[in-house]
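S.K.: Residue numbers (the numbering used here), protein chains in the order written: chain A, 1 to 265; chain B, 1 to 316.
Treat the hints with care, as some may be off.
[Said to hold, decoys possible] With a straight-line cut-off of 35 Å between C-alpha atoms, the simulated DSBU-like cross-links for lysine-lysine are:
{"hint": "1", "chain 1": "A", "residue 1": "K200", "chain 2": "B", "residue 2": "K270"}
{"hint": "2", "chain 1": "A", "residue 1": "K204", "chain 2": "B", "residue 2": "K140"}
{"hint": "3", "chain 1": "B", "residue 1": "K270", "chain 2": "A", "residue 2": "K180"}
{"hint": "4", "chain 1": "B", "residue 1": "K270", "chain 2": "A", "residue 2": "K168"}
[As the list claims (entries may be wrong)] Derived contacts from chain A toward chain B, CB cut-off under 7 Å, selection only:
{"hint": "5", "residue": "V104"}
{"hint": "6", "residue": "F119"}
{"hint": "7", "residue": "A122"}
{"hint": "8", "residue": "V132"}
{"hint": "9", "residue": "A134"}
{"hint": "10", "residue": "A151"}
{"hint": "11", "residue": "F155"}
{"hint": "12", "residue": "Q163"}
{"hint": "13", "residue": "Y259"}
Think of the hints as simulated: they come from the structure by calculation, not from any bench.
For glycine and all other residues, C-beta sits at the position ideal for the given N, C-alpha and C.
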Amino acid sequence: MSDLQNSAPAARPEIRVEGAVKSFSGRVVVDVDELVLGDQPIEGLIGPNGAGKTTLMRMIMHSTPLDRGRISMHPDGPGGEEIVLSDLPTFAMAGRGLVKSNQVIMDFDRLTIWDSLLFAVAGARCERPYRVFAEHDLFDAHEDEIRGYLAYFGFTDPMGFAQSAGEKKLLDIVRCLLLKPRFLMLDEPTAGLPDELTEKVMDKIRELAAAGTAVVIVEHDLNVIWSLCDQVHFMAEGSVILRGTSEEIRAHKTVVEKYLGEGHV
Amino acid sequence: MNLNWLDAFLITGLFSVFMVIGLALLLHLQMGLARIANFGVVGFWGLGMYVYGVLYVQVDWPFDDPWRFLLSALAGVVAAGISGLLVGWLIADLDEDGVLLGTFGFATIVWILATTETALTKGALGLGGLQFPYRLGNAKQNEALWLLILIVVVALIMLYVWRVHRSPYGRLLVAVGGNEPLAQSLGKPAFRTKLGVFTVGAAGMGLLGVMYGVLERFLETSNLGVDLTLAAVVGLVVGGTARLWGPVVGVALTVGLFDIVIQSYIPLPKSWYGQAIPVLREMVFGAVLIGILLFRPLGILGDMRRDKLMRSMHGE
Numbered sequence: 001m002s003d004l005q006n007s008a009p010a011a012r013p014e015i016r017v018e019g020a021v022k023s024f025s026g027r028v029v030v031d032v033d034e035l036v037l038g039d040q041p042i043e044g045l046i047g048p049n050g051a052g053k054t055t056l057m058r059m060i061m062h063s064t065p066l067d068r069g070r071i072s073m074h075p076d077g078p079g080g081e082e083i084v085l086s087d088l089p090t091f092a093m094a095g096r097g098l099v100k101s102n103q104v105i106m107d108f109d110r111l112t113i114w115d116s117l118l119f120a121v122a123g124a125r126c127e128r129p130y131r132v133f134a135e136h137d138l139f140d141a142h143e144d145e146i147r148g149y150l151a152y153f154g155f156t157d158p159m160g161f162a163q164s165a166g167e168k169k170l171l172d173i174v175r176c177l178l179l180k181p182r183f184l185m186l187d188e189p190t191a192g193l194p195d196e197l198t199e200k201v202m203d204k205i206r207e208l209a210a211a212g213t214a215v216v217i218v219e220h221d222l223n224v225i226w227s228l229c230d231q232v233h234f235m236a237e238g239s240v241i242l243r244g245t246s247e248e249i250r251a252h253k254t255v256v257e258k259y260l261g262e263g264h265v
Numbered sequence: 001m002n003l004n005w006l007d008a009f010l011i012t013g014l015f016s017v018f019m020v021i022g023l024a025l026l027l028h029l030q031m032g033l034a035r036i037a038n039f040g041v042v043g044f045w046g047l048g049m050y051v052y053g054v055l056y057v058q059v060d061w062p063f064d065d066p067w068r069f070l071l072s073a074l075a076g077v078v079a080a081g082i083s084g085l086l087v088g089w090l091i092a093d094l095d096e097d098g099v100l101l102g103t104f105g106f107a108t109i110v111w112i113l114a115t116t117e118t119a120l121t122k123g124a125l126g127l128g129g130l131q132f133p134y135r136l137g138n139a140k141q142n143e144a145l146w147l148l149i150l151i152v153v154v155a156l157i158m159l160y161v162w163r164v165h166r167s168p169y170g171r172l173l174v175a176v177g178g179n180e181p182l183a184q185s186l187g188k189p190a191f192r193t194k195l196g197v198f199t200v201g202a203a204g205m206g207l208l209g210v211m212y213g214v215l216e217r218f219l220e221t222s223n224l225g226v227d228l229t230l231a232a233v234v235g236l237v238v239g240g241t242a243r244l245w246g247p248v249v250g251v252a253l254t255v256g257l258f259d260i261v262i263q264s265y266i267p268l269p270k271s272w273y274g275q276a277i278p279v280l281r282e283m284v285f286g287a288v289l290i291g292i293l294l295f296r297p298l299g300i301l302g303d304m305r306r307d308k309l310m311r312s313m314h315g316e
């Protein structure tokens, strides 16, 4: 941890969403006029169910195509090189440092935990059809790093399959971390995890952000949002309607009315 | 060498068993690992065979064997590979039904072209004039050597598939077959991966088609029916689509048992040997397929065991 924190953070990447619209069956689900993500190390995206948070994240990854609009990333911060994400296929995102974890549990049913993690770290070069002797090089190159994560999160049987929903959720997060993202989007990363593991995930996220990765979290567990995020975006009915610090957002009248309810502390 | 024990019938039977094992192994990469159902095996196999045959016979080559054979065979393999690339490009993003229909449709196109392009293929009359690329003493010795070469080729295919299971490439195929969106989110080009395995598999099927053409030395369009695809699919499904040994076990128990044991050693009525046996074979294969899918859908050997494989490779 200390190594990462001591290294000088590079300029934090930024994602710009401009005029992005998505409708399903004629109903507008996302309509974001202008949004900048990555201003602060860790940002939260909150809002009631159906606000369009997950769809917006999927639009950024281009796994849901936009009806119109443009989404771009500046990997070296504003003013640097621009990558138009909405022109790229989904699989090209990870190679450019943009990685997203999944809201619903996603796993490879026939791959073991080790398989899954080695798969995440394997580069295209060692996955070519003729590289049938590349396994040991891949394993040797990443063994320590993977063992580190496995020990940190305490998987039951890493050579076997992920057993519980919690293990699958963790596996999804570890796969994302192994990709060494410059910009990490986490969609409900702690849903279904016990408190102890939630803390561990949060610590990892803080560590990553301190080393210069921009992190955006969608989360319904608002304690995670309030304790982690430097800035929070509030989304309702497809649009981002507020932006502010945790304190500002949780005290804002609109957020209380539309999402938190009067009794929220 | 004394080859008295090996009659022409046994050579053809063994050749057919090993060839179908080879096809089923290639199909295992596509269907068992990457989960792309290919019901057009005979199309790629037949295209390889006919491109080789037509070039070998119809082109006025300035040189003789082995170059004449090697170039024609290479063209057959390349043509099958390119057709795999094109068909793969069309079907890779379709759902399972679309993939089945698309590949089956391709095999039908190959059969229709081979039947109707009579100037090139001699159509239903059959294309003769093919030869072994070497001359040993008699026909039986030539055929026996060709069977041996086929066994070596199929063993190499099996060795490759065995290595694929133990490589990052195999993991990529299993991952793309299992959860394509997740693989893509981890930066893996799923479409290109599927296209690759389809192309390589089709080229391999084309090679086996070329080898069959050499053994038969006479190409008939009746070979391009669904029988061969059915044999490879049934063999693979019976053995276990996801297992390396699935094609071997499955094909031995279906094609091996029927084409060699039953046809050679069971006293079937002589009158059956014309029309009845091929029909009977398809009926039995169809019934076996239904039975396996109902009672043991993952095949005799069951699903792949990556946990065992990982432990054997990386300890613990």
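S.K.: Okay, which hints does this one fail, numbers in order?
M.R.: As far as the earlier hints go, 1, 2, 3, 4, 5, 10, 11, 12, 13 are violated by this structure, in ascending order.
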